[in-house]
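Construct the complete structure from the given sequences, taking the supplied hints into account.
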Amino acid sequence: VQLQASGGGLVQPGGSLRLSCAASVSTGSINIMGWYRQAPGNQRELVAQITSGGTTKYADSVKGRFTISRDNAKNTVYLQMSSLKFEDTAVYYCHARNWDAFNYWGQGTQVTVSS
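In the working numbering, the protein residues as written are 24 to 138.
Hints in this document: simulated from the structure, not taken from any laboratory. Honestly, I wouldn't trust all of these hints.
Pair ranges (Cβ atoms, derived) [claimed, not checked]:
| id | residue 1 | residue 2 | range |
| --- | --- | --- | --- |
| 1 | 51 | 84 | 28 to 36 Å |
| 2 | 61 | 124 | 20 to 28 Å |
| 3 | 95 | 30 | 32 to 40 Å |
Owing to the predicted nature of the structure, the values given are computational and were not obtained by experimental measurement. Glycine included, every Cβ here is placed at the ideal spot set by N, Cα and C.
What follows is the structure, encoded as structure tokens:
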């Protein structure tokens, strides 16, 4: 499984960005898809994830601001980020876990929140 992430960039505080992650296989073969992030000096942390059934999970720090969604027809998962804060600055990684609990990672995409 290859994951191609896109959509990062530079945004001002309070702004919005949408990240996309396209999988090379049908997302029906993937149980969980999600996004992690890693800021300099920090460990990689879960931002949001969505199961094949549509159950979502968010980090407390992004609840109410970020929305994860999944389009199985396009084999793509999205992360809509709103009300961005300085502390959201990080490299964001797309993640997928198949039904055998094998993990896949996409290349990171940089999100920078700066005035």
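Any hints this thing doesn't respect? Which numbers, in order?
3
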